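Undergrad: For the sequence shown, position 114 matches number 114 in the working numbering, and the numbering has no gaps at all.
Keep in mind that the hints were calculated from the coordinates and are not lab data.
Just so we're clear, the structure is a prediction, and the values are computed from it rather than from any experiment.
No residue lacks a Cβ here, since even glycine has one placed at the ideal position from N, Cα and C.
Careful, some of the hints might be misleading.
Claimed, not checked - Now the in silico label distances, taken between C-beta atoms and shown as ranges: (1) Ile173 - Lys218: 18 to 28 Å; (2) Asn298 - Ala352: 19 to 29 Å; (3) Asn356 - Asp146: 47 to 57 Å.
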Amino acid sequence: MHLIKQEFILNNLQEKIRMAILRSENIAILTHSNADPDALASACVLAYLISRMNSTSNIRVVVSDGIGSECKDMVKLCIGKGVKIETIKRATQLKIDKEDLCLLVDVASTEQLRYAKPILTACKTVVILDHHDVHDYNKNLLDGKDVIYILDPDASSTAEMVYKLINELNIAIEVDFLRILLAGIIWDTKRFLRVAPNTFKYVNEMMEKGVQYVEALKMIEGTKPTYSRIARIRCLLRHRGFKVIINNREVYIAVSEVGAYESDCATALITMGYDIAFILNTDESLKTLRLIYRVRENLMEELQIDIYRDVLKKLVDAFGGGGGGHKGAGGVVLRTISMEAVVSEIIKILNAISNNNLTEFVEEKVG
């Protein structure tokens, strides 16, 4: 097992990764469920990169639950360039082959693989490429395998890490794939609100190689489907609001439930005025509950708390499961389908953090 930060790949594991690719006949690239542009861009470009290095290998990108609507143009371009993308929306659709090599891309926890998780059991070698602050990988799934961890929480995005890897492996790739990577970086940095020390350097290099910034931006600016709008409305109607006092500051927290578009729901609640949003979604088929969180920019530094460590990790301890993320965004998959129990536990945890300074908003409906 190898654990390294990405800047050391060149001296340590570049040749090991290269040989793993060259020796592999069947390769699966797995990313988190409901893949966003950073996840899909990273997986798509890695598939192309590997095909350049090993033209006889069978490469597939596997995503559970579907792909975000903002990725529509990216998916079309990737497939048009020959990248094979499989989406799994139920366990019966899963195809498990003997995989010589599996790459986990933008995956902070093996629980995020959902329906695709069993594929790991068929992998000989596993490479994990991720930029999140917190990780939770199931040791039983990885036991007995050669695992290479390439983790860089200082990177702005996984797409940025893939670009660095391309440079280190010294493989020339088409401008279209650089444009895909730039789109992934734009998405995960929120148009460069959150950047790493070298982000602008890499973006400049991409543009010098022919990538048009406007074209990359257009790739992820698609119109939201009507379903997203309906999900946001339902999320707002269902939510519960709380005021808590943390470190002598009033913090406004929303908890809601929606069947899809959880990220859009969380963003809507933050835009509406909440500081923190927790969004829940149950999956009856897997007997699990997915919870994502979003935090208003810069709030964590002011409060000196970590939502994953101080809230979500305690939920995992209580219900089982796993997850990961950044200080401002992340999620967990819990091994329960009891929405009531999870919400009750969230309130209990918030009460403890605030020394029982928690108040729920109760307002009468209009009319």
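Undergrad: Now, for every hint given, state plainly whether the structure supports it.
TA: Hints and how they fare:
Checking the proposed 18 to 28 Å range against Ile173 and Lys218 shows it holds: the Cβ atoms sit about 20 Å from each other. Remark: the range hint 19 to 29 Å for Asn298 to Ala352 is upheld by a beta-carbon distance near 24 Å. For Asn356 paired with Asp146, a C-beta distance near 50 Å keeps the hint of 47 to 57 Å intact.
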